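Protein chains: 4
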Amino acid sequence: MSEVKKLTEKILKFRRERDWEQFHTPKDLAISLSLEAGEVLEHFQWKSKEEIEKHIATNKEEIGDELGDVFNYLLLMAHDFKIDLAKAAENKIKKSALKYPIEKAKGRHTKYNKL
Amino acid sequence: MSEVKKLTEKILKFRRERDWEQFHTPKDLAISLSLEAGEVLEHFQWKSKEEIEKHIATNKEEIGDELGDVFNYLLLMAHDFKIDLAKAAENKIKKSALKYPIEKAKGRHTKYNKL
Amino acid sequence: MSEVKKLTEKILKFRRERDWEQFHTPKDLAISLSLEAGEVLEHFQWKSKEEIEKHIATNKEEIGDELGDVFNYLLLMAHDFKIDLAKAAENKIKKSALKYPIEKAKGRHTKYNKL
Amino acid sequence: MSEVKKLTEKILKFRRERDWEQFHTPKDLAISLSLEAGEVLEHFQWKSKEEIEKHIATNKEEIGDELGDVFNYLLLMAHDFKIDLAKAAENKIKKSALKYPIEKAKGRHTKYNKL
Numbered sequence: 003m004s005e006v007k008k009l010t011e012k013i014l015k016f017r018r019e020r021d022w023e024q025f026h027t028p029k030d031l032a033i034s035l036s037l038e039a040g041e042v043l044e045h046f047q048w049k050s051k052e053e054i055e056k057h058i059a060t061n062k063e064e065i066g067d068e069l070g071d072v073f074n075y076l077l078l079m080a081h082d083f084k085i086d087l088a089k090a091a092e093n094k095i096k097k098s099a100l101k102y103p104i105e106k107a108k109g110r111h112t113k114y115n116k117l
Numbered sequence: 003m004s005e006v007k008k009l010t011e012k013i014l015k016f017r018r019e020r021d022w023e024q025f026h027t028p029k030d031l032a033i034s035l036s037l038e039a040g041e042v043l044e045h046f047q048w049k050s051k052e053e054i055e056k057h058i059a060t061n062k063e064e065i066g067d068e069l070g071d072v073f074n075y076l077l078l079m080a081h082d083f084k085i086d087l088a089k090a091a092e093n094k095i096k097k098s099a100l101k102y103p104i105e106k107a108k109g110r111h112t113k114y115n116k117l
Numbered sequence: 003m004s005e006v007k008k009l010t011e012k013i014l015k016f017r018r019e020r021d022w023e024q025f026h027t028p029k030d031l032a033i034s035l036s037l038e039a040g041e042v043l044e045h046f047q048w049k050s051k052e053e054i055e056k057h058i059a060t061n062k063e064e065i066g067d068e069l070g071d072v073f074n075y076l077l078l079m080a081h082d083f084k085i086d087l088a089k090a091a092e093n094k095i096k097k098s099a100l101k102y103p104i105e106k107a108k109g110r111h112t113k114y115n116k117l
Numbered sequence: 003m004s005e006v007k008k009l010t011e012k013i014l015k016f017r018r019e020r021d022w023e024q025f026h027t028p029k030d031l032a033i034s035l036s037l038e039a040g041e042v043l044e045h046f047q048w049k050s051k052e053e054i055e056k057h058i059a060t061n062k063e064e065i066g067d068e069l070g071d072v073f074n075y076l077l078l079m080a081h082d083f084k085i086d087l088a089k090a091a092e093n094k095i096k097k098s099a100l101k102y103p104i105e106k107a108k109g110r111h112t113k114y115n116k117l
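Residue numbers (my numbering), protein chains in the order written: chain A, 3 to 117; chain B, 3 to 117; chain C, 3 to 117; chain D, 3 to 117.
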């Protein structure tokens, strides 16, 4: 079994044991994904570049927890929607490569529709 | 090489080829993670349960793209912060299992601090 | 002085007294706006229509606090960017009225580009 | 009639004419508030301090539109929840003043629970 599949099994088991499938509508899962992404962001709010560097070095566990939360919700959504998450990620890189050709996008953060 | 590691290599290559590391500060990556999670959420905005079900069935590619975006940013952040994303996800499930013991949390969506 | 102007003066005074202008870059203010909007959303996460109705009735103060936070950040941003917030809101309604003409949009939640 | 009340009447009229009350559940309004806050944030993504300064100066109308959107959703939510938005904002400043006393918080961006 692939690594992503194995991780999916673990979070599914956690959910099943708590009988939480009933709350996990697509809308509420997407809300949770967004709120957990916000908790990652909160770690960097107000901080300067130097403060952030230090903060990451000394809060690896806490930040890892937040990234883990986002990942777990992502796994649940991909499972529920019958989407292959690994393939989706690779697929999106291919699409982005077309939207951001190296010769145009190199060293620039301009959005593709303004490149 | 593990699956997550392989996927990380792909998105790192995409970034490196475009010389985008310079823009990928932790703060800006976290902003992107949050905005991409918002794009997932936008798919379900205003829609009823039935409309959402139909929407997912007929927009699997588009939703997959958004989940892929979130995953790719997650991989970049985990890489940059030297966090093992798979371990972080497993680790977080263990912590959540302690915060939400089955006998207390089963069938309830109450937050752990109010259980 | 207009009501919005008066409210702006209050939050500006609060900020000035704490010497916080130095942290209030546009990027960090926008992060805060987004995180506070997330705190509003968190009130409704996982809850059914009936639970939400009850929750609002019994948590008016808490929800008011979150809406107040969003409003205060909005006032700060409008001030810093030299934007007239009241005019911006009215202006946006006029634009939306053109994007969503009554005869086309009535009773439909379709996005304007698909109407 | 107060300024906030007048603005509320305008967005309520816009909604009523389109028969959109049926879609404006608290959960969906909060999702919209969050997505619109994200659109404000998107203006500052990837940009340096200097780029942001220039961007604001040359995109005042667009940024005003996004702030206007957030404000309009805020007005709708406050109306629907029977919350006085102006009072809520003032009230929150008073609470924050207690959580962040000037002598402790001056010149520091530390969260109140770590001050």
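Calculated directly from the structure, the hints in this document are not laboratory data. Treat the hints loosely; a few may be bogus.
Identical copies look the same in the list; a pair holds intra-copy or inter-copy alike.
Dumping the calculated BS3-like pairs for lysine-lysine here, alpha-carbon to alpha-carbon at most 27 Å [claimed, not checked]:
no.	residue 1	residue 2
1	LYS8	LYS116
2	LYS101	LYS113
3	LYS49	LYS106
4	LYS49	LYS8
Owing to the predicted nature of the structure, the values given are computational and were not obtained by experimental measurement.
Against the structure, the hints:
no.: 1; hint: LYS8 with LYS116; result: neither (41 Å within a copy, 31 Å between copies)
no.: 2; hint: LYS101 with LYS113; result: both (9 Å within a copy, 24 Å between copies)
no.: 3; hint: LYS49 with LYS106; result: between (32 Å within a copy, 18 Å between copies)
no.: 4; hint: LYS49 with LYS8; result: neither (36 Å within a copy, 30 Å between copies)
Of the numbered hints stated above, those contradicted by the structure are hints 1 and 4, listed in ascending order.
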